[in-house]
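4 protein chains.
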Amino acid sequence: MSQVLPSTIPAALFHERADAIALTARELAQHGWTPATSSNFSMRVDADHAAITISGRDKGKLGRNDIMLVNMDGKAVGTDSRPSAETELHTQVYRRWPEVNAVLHTHSRTQSVASRLFAKHGVIRLEGWELQKAIHGHTTHESVLDIPVFPNTQHMPELVAQVDAWLDAGKPLHAYLINGHGIYTWGRDMAEAQRHLEALEFLLGCELDLRRLNA
Amino acid sequence: MSQVLPSTIPAALFHERADAIALTARELAQHGWTPATSSNFSMRVDADHAAITISGRDKGKLGRNDIMLVNMDGKAVGTDSRPSAETELHTQVYRRWPEVNAVLHTHSRTQSVASRLFAKHGVIRLEGWELQKAIHGHTTHESVLDIPVFPNTQHMPELVAQVDAWLDAGKPLHAYLINGHGIYTWGRDMAEAQRHLEALEFLLGCELDLRRLNA
Amino acid sequence: MSQVLPSTIPAALFHERADAIALTARELAQHGWTPATSSNFSMRVDADHAAITISGRDKGKLGRNDIMLVNMDGKAVGTDSRPSAETELHTQVYRRWPEVNAVLHTHSRTQSVASRLFAKHGVIRLEGWELQKAIHGHTTHESVLDIPVFPNTQHMPELVAQVDAWLDAGKPLHAYLINGHGIYTWGRDMAEAQRHLEALEFLLGCELDLRRLNA
Amino acid sequence: MSQVLPSTIPAALFHERADAIALTARELAQHGWTPATSSNFSMRVDADHAAITISGRDKGKLGRNDIMLVNMDGKAVGTDSRPSAETELHTQVYRRWPEVNAVLHTHSRTQSVASRLFAKHGVIRLEGWELQKAIHGHTTHESVLDIPVFPNTQHMPELVAQVDAWLDAGKPLHAYLINGHGIYTWGRDMAEAQRHLEALEFLLGCELDLRRLNA
Numbered sequence: 067m068s069q070v071l072p073s074t075i076p077a078a079l080f081h082e083r084a085d086a087i088a089l090t091a092r093e094l095a096q097h098g099w100t101p102a103t104s105s106n107f108s109m110r111v112d113a114d115h116a117a118i119t120i121s122g123r124d125k126g127k128l129g130r131n132d133i134m135l136v137n138m139d140g141k142a143v144g145t146d147s148r149p150s151a152e153t154e155l156h157t158q159v160y161r162r163w164p165e166v167n168a169v170l171h172t173h174s175r176t177q178s179v180a181s182r183l184f185a186k187h188g189v190i191r192l193e194g195w196e197l198q199k200a201i202h203g204h205t206t207h208e209s210v211l212d213i214p215v216f217p218n219t220q221h222m223p224e225l226v227a228q229v230d231a232w233l234d235a236g237k238p239l240h241a242y243l244i245n246g247h248g249i250y251t252w253g254r255d256m257a258e259a260q261r262h263l264e265a266l267e268f269l270l271g272c273e274l275d276l277r278r279l280n281a
Numbered sequence: 067m068s069q070v071l072p073s074t075i076p077a078a079l080f081h082e083r084a085d086a087i088a089l090t091a092r093e094l095a096q097h098g099w100t101p102a103t104s105s106n107f108s109m110r111v112d113a114d115h116a117a118i119t120i121s122g123r124d125k126g127k128l129g130r131n132d133i134m135l136v137n138m139d140g141k142a143v144g145t146d147s148r149p150s151a152e153t154e155l156h157t158q159v160y161r162r163w164p165e166v167n168a169v170l171h172t173h174s175r176t177q178s179v180a181s182r183l184f185a186k187h188g189v190i191r192l193e194g195w196e197l198q199k200a201i202h203g204h205t206t207h208e209s210v211l212d213i214p215v216f217p218n219t220q221h222m223p224e225l226v227a228q229v230d231a232w233l234d235a236g237k238p239l240h241a242y243l244i245n246g247h248g249i250y251t252w253g254r255d256m257a258e259a260q261r262h263l264e265a266l267e268f269l270l271g272c273e274l275d276l277r278r279l280n281a
Numbered sequence: 067m068s069q070v071l072p073s074t075i076p077a078a079l080f081h082e083r084a085d086a087i088a089l090t091a092r093e094l095a096q097h098g099w100t101p102a103t104s105s106n107f108s109m110r111v112d113a114d115h116a117a118i119t120i121s122g123r124d125k126g127k128l129g130r131n132d133i134m135l136v137n138m139d140g141k142a143v144g145t146d147s148r149p150s151a152e153t154e155l156h157t158q159v160y161r162r163w164p165e166v167n168a169v170l171h172t173h174s175r176t177q178s179v180a181s182r183l184f185a186k187h188g189v190i191r192l193e194g195w196e197l198q199k200a201i202h203g204h205t206t207h208e209s210v211l212d213i214p215v216f217p218n219t220q221h222m223p224e225l226v227a228q229v230d231a232w233l234d235a236g237k238p239l240h241a242y243l244i245n246g247h248g249i250y251t252w253g254r255d256m257a258e259a260q261r262h263l264e265a266l267e268f269l270l271g272c273e274l275d276l277r278r279l280n281a
Numbered sequence: 067m068s069q070v071l072p073s074t075i076p077a078a079l080f081h082e083r084a085d086a087i088a089l090t091a092r093e094l095a096q097h098g099w100t101p102a103t104s105s106n107f108s109m110r111v112d113a114d115h116a117a118i119t120i121s122g123r124d125k126g127k128l129g130r131n132d133i134m135l136v137n138m139d140g141k142a143v144g145t146d147s148r149p150s151a152e153t154e155l156h157t158q159v160y161r162r163w164p165e166v167n168a169v170l171h172t173h174s175r176t177q178s179v180a181s182r183l184f185a186k187h188g189v190i191r192l193e194g195w196e197l198q199k200a201i202h203g204h205t206t207h208e209s210v211l212d213i214p215v216f217p218n219t220q221h222m223p224e225l226v227a228q229v230d231a232w233l234d235a236g237k238p239l240h241a242y243l244i245n246g247h248g249i250y251t252w253g254r255d256m257a258e259a260q261r262h263l264e265a266l267e268f269l270l271g272c273e274l275d276l277r278r279l280n281a
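Listed in order, the protein sequences are those of chains F, E, W and L. First residue of the first sequence? That's 67 in the numbering used here, and the numbers climb one at a time after it. First residue of the second sequence? That's 67 in the numbering used here, and the numbers climb one at a time after it. First residue of the third sequence? That's 67 in the numbering used here, and the numbers climb one at a time after it. First residue of the fourth sequence? That's 67 in the numbering used here, and the numbers climb one at a time after it.
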């Protein structure tokens, strides 16, 4: 392990976060949502730092040593490892919501296909599904859940700006898709983030099925 | 375990029921039918009580301590835990059929999509499938199996009343769907309830496939 | 074990067959091809007897004690257990082809749906697929493989007569479907029967996919 | 083990390759991409030899003894075992690209169906997918990835000539499909070959989904 921690972060804390990320990654990889070393996962460590997956690792075999520390600008701290190209999207979430402690980005076939299908509308509207109640703050299937689909770009600041623009317009945001890519979602703890991800994967799959059935 | 049992219920009996529920829950979770902590499962303990899953637990990791006791009005007995919001639908089944000892509610993608597709008809008619014989009392594929689809509501007494109305009209009932939600089915023992659930999941999937094929 | 063997059948021989059947059953159940205790499997024991699954058992948990002996008329030998309702379809295969030593009947969603879709044609024609070479005697994708679809009936002699009629017309037969039900296939040993089953499940799935794609 | 190695190839080297191939084969079989003993896998051993799967083995149960040595003409070396019928397609890749050390051929349902659907165009064009970046040399979703679909034939030299013609026309090649059959792809090491395969399986599945959705 070439990770050197700042004196303010106990090793036990970083290891707990790294182990939680690695466990979740292996579970999500088993679902087939992290093909070809795609996807990235993080947890907040303190107000100024997050633990995040090192770029390019096989998520099905992830361990503690595949996790590194970054600051809230998405820059590596105490290591020569390279964090995921999309690290800035994770740290943006931590900066925006102090109560969020886990961010998940996966790349399932359902997510990729749904993003392409709805890209022209810029949003997928979910309504009438009981499982919307799995999203924090939703207590009935009669609520409406809008998941934006942002255009893809290899230039991260553009993506960050798109997310900022949505939020600055005062619209609620629990997750977003990037066109031809995957989903980002988060939670106050890892269990909530994972529940959000499972629910959204399920609901996107249902919406695609209804369209396959011309319903 | 904060569950205190009435003196009329031996601990061994409750534990047997709790373990059976937890085992079934883990098996159904492996099929992907319990996304995002959805679904609930119960077994009758005696004429006046049932064991049921505590609300909000991950069904893939369920153990004995995730099961609690309720009375036949669906109220918690001997515990501060909160039973599933849909507990009244379980106890309705136990009150209606003294021979029923297990009730299963899952939330698979096939179930959710089928419920949306057939909601406008209020029923899914299954006929011509050999697997209808897996349903208690059906001995040939030439029988007809009607699965009602009730409108969803967060107000349980409305759902209970819909089920009562169907039964009071003298129609046979082996299972029902709730729109945008999942399925309820039951059996004289856990094995029969699980066989009913597997058969119905399979048959709903077949019906969706036939429609995808415009057949 | 209530199975009493004829003096001409060594226990070790019967156990070897029973274990091979149980192992295959558990593997096929893992694929999801044996829902709700459906499906049945057998192996020839000698010229006059076969080992076959006892009716109604969960194929995912099959063991040696779930297998029983029948004669070539499909009648139980040395046991009070009840063989599968479709036992006569197995023994018909053993009577027709002395070189066949294993018969598999599964009930996958693909098989059930394909049978319904092609029932009106009475046959599914497979051509142009490399995997046709997995079927004994086929050495090129340019061959043609016809899989008949027979109408379903709960009266076994009718099904036996349909199979006989096909064979007596001199047509090749490697497998057949029953409408709304599943597939029967066989092989000189269990490995060949299983290879045939895997190939046919795959090819039926491909044919359904092409139709879903309007190709 | 009947494999006799040339004096220039240390046993440890051959065993390392054989073990790596067998491990990958078992992983790919678990995905269901190697039905009915189909598919074949190889690794370069030195400039003149490759280790490749013996014909007809169950890829889900592959071990070191299911791997044999061939020369770069695809002929068996030091063994009476028969290599896969398609061995010449593997050795062609090693001859063409000295930097390639692993070749994978699988036979998934998605691959077979996609090959049939796109055969008339002779090519599948992938664009706009983030996962194109998993292919060596691709750094943006804005690139274009053309996967040719060659007609199937049981005569290997014809297939070899089709691949040569594509390459001699100066077109980039990372993988190809054979109609009604499966995919070939490769990499500088086994991890890269496997990443290419996972990405292409995913992207072909996405393209089929978009067509099912008429998108």
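Worth flagging that the hints you see were computed from the coordinates, not collected in a lab. Be careful, since some hints might not be right.
Identical chains share a label here; the pair holds if one copy fits it or two copies do between them.
[Claimed, not checked] In silico lysine to any residue, SDA-like type, Cα no more than 20 Å apart, as pairs:
#1 K237 to Q96
#2 K237 to R191
#3 K237 to V159
#4 K127 to M256
#5 K127 to Q96
#6 K237 to A257
What you are looking at is a predicted structure, and each value in this text was computed from that prediction instead of being measured.
Hint check:
no.	hint	in the structure
1	K237 to Q96	neither (33 Å within a copy, 36 Å between copies)
2	K237 to R191	within (13 Å within a copy, 37 Å between copies)
3	K237 to V159	within (15 Å within a copy, 43 Å between copies)
4	K127 to M256	both (19 Å within a copy, 15 Å between copies)
5	K127 to Q96	both (10 Å within a copy, 16 Å between copies)
6	K237 to A257	neither (24 Å within a copy, 42 Å between copies)
Figure legend: structure checked against the earlier numbered hints; hints not met, in rising order: 1 and 6.
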